[in-house]
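Chains as they are written, first to last, in our numbering: chain A, 1 to 139; chain B, 140 to 278; chain C, 279 to 418; chain D, 419 to 558.
Errors might be hidden in some of the hints.
Claimed, not checked - No more than 20 Å apart at the CA atoms, straight line, and that leaves these computed lysine to any residue pairs for SDA-like:
1) D/456 with D/424
2) D/456 with A/38
3) C/297 with C/377
4) D/437 with D/549
5) D/533 with A/78
6) C/393 with C/333
7) D/455 with A/20
8) C/393 with B/252
9) D/437 with D/526
10) D/437 with D/460
11) A/66 with B/200
12) D/533 with A/38
13) D/533 with A/66
14) D/533 with D/424
15) C/393 with B/257
Keep in mind the hints are simulated off the structure, nothing from the lab.
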Amino acid sequence: MSAITIYFPPVCLDDLAEIRRLIESAVVCLWEPGEVVTELVIAINEAVTNVLVHGYQGQPGHMVVKVSRDNAALRVCLQDQAWPFNPTAVPTPDITLPLAQRQPGGMGVHLMRQFTHRLQYRALPEGGNELVLVRQIEG
Amino acid sequence: MSAITIYFPPVCLDDLAEIRRLIESAVVCLWEPGEVVTELVIAINEAVTNVLVHGYQGQPGHMVVKVSRDNAALRVCLQDQAWPFNPTAVPTPDITLPLAQRQPGGMGVHLMRQFTHRLQYRALPEGGNELVLVRQIEG
Amino acid sequence: MMNVTIEQVESGVPVTIIKLVGQLDASSYLDVIETGKKLHREGTRDLLIDMSEMTFMASSGLVALHNIALLMRGEQPQDPEAGWAAMHAINRDVQNSSSFEAHCKLLNPTPAVRKTLDVTGFANLFEIYDGRDEAIASFG
Amino acid sequence: MMNVTIEQVESGVPVTIIKLVGQLDASSYLDVIETGKKLHREGTRDLLIDMSEMTFMASSGLVALHNIALLMRGEQPQDPEAGWAAMHAINRDVQNSSSFEAHCKLLNPTPAVRKTLDVTGFANLFEIYDGRDEAIASFG
Ligand SMILES: Nc1ncnc2c1ncn2[C@@H]1O[C@H](COP(=O)(O)OP(=O)(O)O)[C@@H](O)[C@H]1O
Ligand SMILES: Nc1ncnc2c1ncn2[C@@H]1O[C@H](COP(=O)(O)OP(=O)(O)O)[C@@H](O)[C@H]1O
Chain A
1 MSAITIYFPP
11 VCLDDLAEIR
21 RLIESAVVCL
31 WEPGEVVTEL
41 VIAINEAVTN
51 VLVHGYQGQP
61 GHMVVKVSRD
71 NAALRVCLQD
81 QAWPFNPTAV
91 PTPDITLPLA
101 QRQPGGMGVH
111 LMRQFTHRLQ
121 YRALPEGGNE
131 LVLVRQIEG
Chain B
140 MSAITIYFPP
150 VCLDDLAEIR
160 RLIESAVVCL
170 WEPGEVVTEL
180 VIAINEAVTN
190 VLVHGYQGQP
200 GHMVVKVSRD
210 NAALRVCLQD
220 QAWPFNPTAV
230 PTPDITLPLA
240 QRQPGGMGVH
250 LMRQFTHRLQ
260 YRALPEGGNE
270 LVLVRQIEG
Chain C
279 MMNVTIEQVE
289 SGVPVTIIKL
299 VGQLDASSYL
309 DVIETGKKLH
319 REGTRDLLID
329 MSEMTFMASS
339 GLVALHNIAL
349 LMRGEQPQDP
359 EAGWAAMHAI
369 NRDVQNSSSF
379 EAHCKLLNPT
389 PAVRKTLDVT
399 GFANLFEIYD
409 GRDEAIASFG
Chain D
419 MMNVTIEQVE
429 SGVPVTIIKL
439 VGQLDASSYL
449 DVIETGKKLH
459 REGTRDLLID
469 MSEMTFMASS
479 GLVALHNIAL
489 LMRGEQPQDP
499 EAGWAAMHAI
509 NRDVQNSSSF
519 EAHCKLLNPT
529 PAVRKTLDVT
539 GFANLFEIYD
549 GRDEAIASFG
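Required output: the full structure, derived from the provided sequences and hints.
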């Protein structure tokens, strides 16, 4: 299999574990379970969580997830209908600060970057956002 | 969650286990694991297998699966682009025959009927088939 | 994906135990039939199929059972003695009002597989055992 | 879904072991923080977080760790003695060049969780133990 698209009904934070499991199942149709999949799922989970928490702000909202594979990479494309926000513009946090000087949070986009090789963002012409997470699997 | 739609790329028999697992993951987003899900997945697997084996005859073909839930039932809608065939018209096999007098096979539609409460078929206006498997979960 | 392990035991007659691990569906049932044929060629005449770790079985799995059961009661042209035994077995089967397969039995199916055997009538054709020792002792 | 089990042990000081079982994500991290607060109210000042059966941890899990660690070194207005001990602890932390949390430590994260701790710098803030006894003995 090369590409699977999943249309979700309006979802919210209560659905997070199930969304994650379903997307993981789709990824595992394209690539064997292991470190690559585990880390990619962590990255995807951060992206989905941000859409649910910051994008839809707790209101149920639609989501479309397309996972695909070419020889060299897994691609996970996440589309939402929330207000435009470009996560690739979020600055890198300082991970050397001691705990007392850190703000809690702010590690989501950082984890996406750490556990993928590329993030591609575009505002959709019809409204909403598209974020593509690319994880190399070979070469 | 109430409804999830999965678009598969062209698939064949080699993909069967992964198709089954992904559909099961979707069903489990709508209803807790257990006997209902296990039996429904057996029924779905028979429907998918027939599309791949008899419908597409081993050639890769597209499939769309929509799983949904209302209060009383789980519905799994399976669409293909194969030649029209109505599985609800397949006669009930005689399951009391001794082995030597049985033809091997012919139990797929029977299992679908046994493990669901209703099968609904229609030929799609644009070509292809739609089979809906309905499994009651309450009442 | 189906993994198969094979074991030989004695219980009056030699019994082969074949353990099917994984999912038995339309993508794997032909391999299981091939294993059955190979065992038969190598002399297996009494077969216990251990289903305890078979996590999924489709209707194609029933085709495999059907096929292997016929093999186990069939003629064996390469060995006259075994051939006679097989004929005898067929006679026994015909005379046996219960119509259970005498030479192919099932061990420990999961509840879902058990229900599949039930609703297709296969539970009336194959003896199904919970205990391995009891299953082995039932042959011969 | 996160299940939490709590255990008290002694090692010079009383140490609470909290075992997080399941998936720690944005839908469950507030519950974990609540558990931390409750333990703190009930007197816990040294906490070992057993991650051996935490099958998933998101960045929200780091927020929970952060929050609970601050709690464990913070002031306890309801108890002057503990308050002093806490102040003392803060002094120790400031003096400690390694900057590891002295009162909140981690046990046995899975490789993926361990990597999440690494790439976010949390592995430089929390001592991470493989052995439970060793972890307990490190307090006090
Ligand atoms: N989809 C989104 N819509 C709106 N704002 C977002 C979105 N994703 C992230 N943000 C903003 O970017 C910040 C950093 O995100 P992140 O690194 O994931 O950390 P966290 O979500 O824990 O704050 C968030 O606090 C939020 O303000
Ligand atoms: N999607 C399909 N397209 C064409 N023919 C089909 C399809 N599904 C079932 N059939 C026909 O109906 C018969 C009975 O199907 P089934 O009960 O599933 O048993 P089996 O597939 O094991 O033969 C099949 O043998 C086949 O001839």
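These are the hints, each one checked on the structure:
With a C-alpha separation of about 11 Å, the suggested pairing of residue 456 of chain D with residue 424 of chain D holds against the 20 Å cut-off. A threshold of 20 Å between alpha carbons decides the hint, and for residue 456 of chain D with residue 38 of chain A the separation of about 32 Å lies outside it, so the pair is violated. Annotation: proposed proximity of residue 297 of chain C to residue 377 of chain C is violated, straight-line Cα distance about 24 Å (limit 20 Å). A C-alpha spacing of about 14 Å is found between residue 437 of chain D and residue 549 of chain D, which places the hinted pair at or below 20 Å, so the restraint holds.
At most 20 Å may separate the alpha-carbon atoms for a hinted pair to count; residue 533 of chain D and residue 78 of chain A exceed this at roughly 24 Å. Between the alpha carbons of residue 393 of chain C and residue 333 of chain C the distance comes to roughly 13 Å, so the proposed pair stays at or under 20 Å and holds. Proposed proximity of residue 455 of chain D and residue 20 of chain A is contradicted: the alpha carbons are some 28 Å apart, above 20 Å. At roughly 13 Å between alpha-carbon atoms, residue 393 of chain C and residue 252 of chain B fall within 20 Å of each other, so this suggested pair holds.
For a cut-off of 20 Å, the pair hint linking residue 437 of chain D to residue 526 of chain D stands: about 10 Å separates their Cα positions. Distance hint between residue 437 of chain D and residue 460 of chain D is fulfilled; the C-alpha atoms sit about 17 Å from each other, no more than 20 Å. Restraint check: the Cα-Cα separation between residue 66 of chain A and residue 200 of chain B comes to about 18 Å, which is no more than 20 Å; the hinted pair holds. Distance restraint check for residue 533 of chain D and residue 38 of chain A: the Cα-Cα separation of roughly 11 Å lies within the 20 Å cut-off, and the hinted pair is therefore satisfied.
For the hint linking residue 533 of chain D to residue 66 of chain A, the alpha-carbon distance of about 26 Å lies beyond 20 Å, and the restraint is violated. The suggested pairing of residue 533 of chain D with residue 424 of chain D is violated, with an alpha-carbon distance near 25 Å, which exceeds 20 Å. For the proposed pair residue 393 of chain C and residue 257 of chain B, the alpha carbon gap of about 19 Å is at most 20 Å, so the pair holds.
Violated hints for the displayed structure, listed by number in ascending order: 2, 3, 5, 7, 13 and 14.
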